[in-house]
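J.: Chain residues, written in single-letter form:
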Amino acid sequence: MRTPEGLKYTKEHEWVRMEEDLVYIGITDYAQDSLGDIVFIELPAEGDVLASGQTMGVVESVKAASDIYMPLSGKVKKVNNALLDNPESVNENPYDSWMIAIEPTDASELEALLNQDEYKKLCAKED
Amino acid sequence: MSQRLIFEVGKPGRKGHSLPRCDVPVRGIEEIVPEEYLRSSDPELPQVSEVDAIRHFTALSRLNYGVDNGFYPLGSCTMKYNPKINEDVSRLAGFSGVHPALLDCAVQGCLELLYRTDLLLAEITGMARVSLQPAAGAHGELSGLMIMRANHEQNKEEQRKKIIIPDTAHGTNPASAAMVGYEVIEVKTDSRGNIDPAELRQLMSEEVAGLMLTNPSTLGLFEENIIEVAEIVHDSGGLLYYDGANLNAIMGITRPGDMGFDIVHLNLHKTFSTPHGGGGPGSGPVGVKKELVPFLPTPVIQYRNGQYMRDYEQPLSIGQVKSFYGNFAVVAKAYAYIMSMGAKGLRNVSKTAVLNANYLMNKLKEHFYLPYERTCMHEFVLSGQTQKEKGVSTLDMAKRMMDYGFHPPTVYFPLIVKEAMMFEPTETENREVLDEVAEILIRIAREVEESPELVKGAPYRTPIGRLDEVKAVREPILKWTPPRKNNE
Numbered sequence: 002m003r004t005p006e007g008l009k010y011t012k013e014h015e016w017v018r019m020e021e022d023l024v025y026i027g028i029t030d031y032a033q034d035s036l037g038d039i040v041f042i043e044l045p046a047e048g049d050v051l052a053s054g055q056t057m058g059v060v061e062s063v064k065a066a067s068d069i070y071m072p073l074s075g076k077v078k079k080v081n082n083a084l085l086d087n088p089e090s091v092n093e094n095p096y097d098s099w100m101i102a103i104e105p106t107d108a109s110e111l112e113a114l115l116n117q118d119e120y121k122k123l124c125a126k127e128d
Numbered sequence: 107m108s109q110r111l112i113f114e115v116g117k118p119g120r121k122g123h124s125l126p127r128c129d130v131p132v133r134g135i136e137e138i139v140p141e142e143y144l145r146s147s148d149p150e151l152p153q154v155s156e157v158d159a160i161r162h163f164t165a166l167s168r169l170n171y172g173v174d175n176g177f178y179p180l181g182s183c184t185m186k187y188n189p190k191i192n193e194d195v196s197r198l199a200g201f202s203g204v205h206p207a208l209l210d211c212a213v214q215g216c217l218e219l220l221y222r223t224d225l226l227l228a229e230i231t232g233m234a235r236v237s238l239q240p241a242a243g244a245h246g247e248l249s250g251l252m253i254m255r256a257n258h259e260q261n262k263e264e265q266r267k268k269i270i271i272p273d274t275a276h277g278t279n280p281a282s283a284a285m286v287g288y289e290v291i292e293v294k295t296d297s298r299g300n301i302d303p304a305e306l307r308q309l310m311s312e313e314v315a316g317l318m319l320t321n322p323s324t325l326g327l328f329e330e331n332i333i334e335v336a337e338i339v340h341d342s343g344g345l346l347y348y349d350g351a352n353l354n355a356i357m358g359i360t361r362p363g364d365m366g367f368d369i370v371h372l373n374l375h376k377t378f379s380t381p382h383g384g385g386g387p388g389s390g391p392v393g394v395k396k397e398l399v400p401f402l403p404t405p406v407i408q409y410r411n412g413q414y415m416r417d418y419e420q421p422l423s424i425g426q427v428k429s430f431y432g433n434f435a436v437v438a439k440a441y442a443y444i445m446s447m448g449a450k451g452l453r454n455v456s457k458t459a460v461l462n463a464n465y466l467m468n469k470l471k472e473h474f475y476l477p478y479e480r481t482c483m484h485e486f487v488l489s490g491q492t493q494k495e496k497g498v499s500t501l502d503m504a505k506r507m508m509d510y511g512f513h514p515p516t517v518y519f520p521l522i523v524k525e526a527m528m529f530e531p532t533e534t535e536n537r538e539v540l541d542e543v544a545e546i547l548i549r550i551a552r553e554v555e556e557s558p559e560l561v562k563g564a565p566y567r568t569p570i571g572r573l574d575e576v577k578a579v580r581e582p583i584l585k586w587t588p589p590r591k592n593n594e
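Protein chains in written order, with my numbering: chain A, 2 to 128; chain B, 107 to 594.
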């Protein structure tokens, strides 16, 4: 299972990448592997303002549907709508398949997220 | 073996009927029906002879697998055998020949059956009255939650808009809650499979309408803190909702009403042996404690002055939730079941269901990971995670079971158990069947060790092999298209 360095992670298996002023959000390799083949993705609309912990979308696999949660609060600036037609790319390249990019309300919320080591430990515990 | 569609079997001009020449004047359809409602082309109907039609549907029926064919351990679905006496009773002319619009005085027998079933189910669940209207489990949930909402509104507590649901719940629970406008709060299950009372206490507030609970849970475990859980919810003014999916484990032993539940829904097509799934229709009665009786759907069946009657005069009622009085014939089957089993019989049903599940669990637990090591109730959950490490998933093993002639268990549910397999053997299986099933599952576990590729390619002996499930979801073909249209 890949857990790249330099990203931040959540307990709910989202990854977060800071790039210039935007924060890119996707789901981890662990998440896609547990879900199995993803068949549908639902994402918020550009301009939506969502609080940390709020549901930002849904991923549905042949096994189950799961909510995706906001790792931190912010305004949705970009939505990767290309994923909607190619949900399998989340299975193939979870870390390249960002779902939304947000402008964080409070960038210091990033500090509270898990780092690579902490997230690896979490996954090991859940196995 | 490939099964052709009936559309592909026929030839233009073939037919299964031969009608006499019409001996009255013929009027054109356009004289009778306004033009806007007329279709411009002929419908694409199959053109087959009678024998072609019979062979086609008989062949399809032979591909079916049901509880009359064999073991069907779909967890939390209670796929128990449906005794045929139920069918005899529901087909009695006095039941099957009546029209639902008949006056009360003309259908006293039917109303009496409804009234008696209402009281029997109330007795079994510890409720005051039961409405038999809801047509299925989720419909019962919706009706029950509407009753909960009506109660809070009556008490001027409209702010109660949140509902607490455990992470093991059936997906219908949060869906029904959302349908009545409630916000769902999830409560986690602890390592023993119970709700953590401390966490529940924190979640309770004056905004919480109630807690929806399945007991035993979908882990097949009895909620050990149920009395404390009920107190916590009631102390903050919430109500307790009992999802009756798993009532088969406790009949005649304990009752939701005695545990503190206020509202209950049952599934007659699970616990009370009426046909389930494609063999439906279902029936999801909703029962309530005395204080909530005024909110039950109307009509309520009453017995007054020696007459049974449909009572619509209930000002606080949530109203009618199904046309006429629900799926009456299903209720008649459940009544036949309850009366033929009797009180002791129903208690034995639950005891045997629990015994069968524990017997199978104990035979299997050395071969598959058992995440909650407790005495189970009428069902149990194993995890295929040991096999998954060898590259074989629970889905693969479930498919392999079909090669051995058995229906697979529920898989990948409850969501909190990885690679979950939920088995509910039900009380109607004998020991030989359980032994055979255990032997097959142990053989599959051995196949995973010795020849994993074999299991990953299963099934081989079914009419159709492994389906591409991803493609089926992403690009489903939902209707037949005439071939010539493809060429156009």
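If you're looking for bench data, these hints aren't it; they were derived computationally from the structure. Ideal Cβ positions, reconstructed from N, Cα and C, are used throughout, including at glycine. The reader is advised that the hints may include incorrect statements.
Think about it this way: if two alpha-carbon atoms lie no more than 27 Å apart in a straight line, the pair counts; the simulated BS3-like pairs of lysine-lysine are [claimed, not checked]:
id: 1; chain 1: B; residue 1: Lys469; chain 2: A; residue 2: Lys122
id: 2; chain 1: B; residue 1: Lys496; chain 2: A; residue 2: Lys122
id: 3; chain 1: A; residue 1: Lys126; chain 2: B; residue 2: Lys457
id: 4; chain 1: A; residue 1: Lys126; chain 2: B; residue 2: Lys268
id: 5; chain 1: B; residue 1: Lys457; chain 2: B; residue 2: Lys469
id: 6; chain 1: A; residue 1: Lys12; chain 2: B; residue 2: Lys268
id: 7; chain 1: A; residue 1: Lys126; chain 2: B; residue 2: Lys471
id: 8; chain 1: B; residue 1: Lys450; chain 2: B; residue 2: Lys396
id: 9; chain 1: B; residue 1: Lys494; chain 2: A; residue 2: Lys126
id: 10; chain 1: A; residue 1: Lys12; chain 2: B; residue 2: Lys494
id: 11; chain 1: A; residue 1: Lys126; chain 2: B; residue 2: Lys395
id: 12; chain 1: B; residue 1: Lys268; chain 2: B; residue 2: Lys457
id: 13; chain 1: B; residue 1: Lys524; chain 2: A; residue 2: Lys121
id: 14; chain 1: B; residue 1: Lys457; chain 2: A; residue 2: Lys122
id: 15; chain 1: B; residue 1: Lys471; chain 2: A; residue 2: Lys12
id: 16; chain 1: A; residue 1: Lys121; chain 2: B; residue 2: Lys457
Away from chain B, derived, C-beta distances all over 12 Å, residues of chain A [said to hold, decoys possible]:
id: 17; residue: Gly37
id: 18; residue: Ala52
id: 19; residue: Ala66
id: 20; residue: Lys79
id: 21; residue: Val80
id: 22; residue: Pro88
id: 23; residue: Glu89
id: 24; residue: Glu104
id: 25; residue: Ala113
id: 26; residue: Leu114
id: 27; residue: Leu115
id: 28; residue: Gln117
id: 29; residue: Asp118
id: 30; residue: Leu123
Non-contacting residues of chain B with respect to chain A, defined by C-beta distances greater than 10 Å in every case (computed) [stated by the list, open to error]:
id: 31; residue: Ser124
id: 32; residue: Ile160
id: 33; residue: Gly172
id: 34; residue: Leu180
id: 35; residue: Tyr187
id: 36; residue: Glu193
id: 37; residue: Val286
id: 38; residue: Ile359
id: 39; residue: Pro421
id: 40; residue: Lys450
J.: Does the claim that proline 88 of chain A lies outside the interface with chain B hold up, using a Cβ gap greater than 12 Å?
T.: It is violated; proline 88 of chain A is separated from chain B by about 8 Å at its closest Cβ, not greater than 12 Å.
J.: Check whether the Cα positions of lysine 121 of chain A and lysine 457 of chain B lie no farther apart than 27 Å.
T.: Violated, at about 45 Å.
J.: Lysine 450 of chain B and lysine 396 of chain B were given as a pair; does the straight-line alpha-carbon distance stay at or below 27 Å?
T.: Since the Cα atoms of lysine 450 of chain B and lysine 396 of chain B sit roughly 26 Å apart, the hinted pair holds (cutoff 27 Å).
J.: Does the claim that glutamine 117 of chain A lies off the interface hold, with its Cβ farther than 12 Å from every Cβ of chain B?
T.: holds (23 Å)
J.: For a C-alpha distance cap of 27 Å, please report whether lysine 496 of chain B and lysine 122 of chain A respect it.
T.: holds (22 Å)
J.: Can we confirm that no CB of chain A comes within 10 Å of the CB of proline 421 of chain B?
T.: Its Cβ never comes within 10 Å of chain A, the nearest being 39 Å, so this holds.
J.: Holds or violated: lysine 268 of chain B with lysine 457 of chain B, Cα cutoff 27 Å?
T.: Cα-Cα ~36 Å, so violated.
J.: With d taken as the least Cβ-Cβ distance between serine 124 of chain B and chain A, does d exceed 10 Å?
T.: Given a closest Cβ separation of 48 Å, the condition holds.
J.: Per the stated criterion, does the least C-beta distance between isoleucine 359 of chain B and chain A lie above 10 Å, as a non-interface residue requires?
T.: holds (33 Å)
J.: Please work out if lysine 12 of chain A and lysine 494 of chain B have their alpha carbons no farther apart than 27 Å.
T.: holds (23 Å)
J.: Say whether it holds or is violated: isoleucine 160 of chain B keeps its Cβ farther than 10 Å from all Cβ of chain A.
T.: holds (36 Å)
J.: When you look at the beta carbon of alanine 52 of chain A, is every beta carbon of chain B farther off than 12 Å?
T.: holds (14 Å)
Of the numbered hints given earlier, the model fails hints 1, 3, 4, 11, 12, 14, 15, 16, 17, 19, 22, 23; all others are met.
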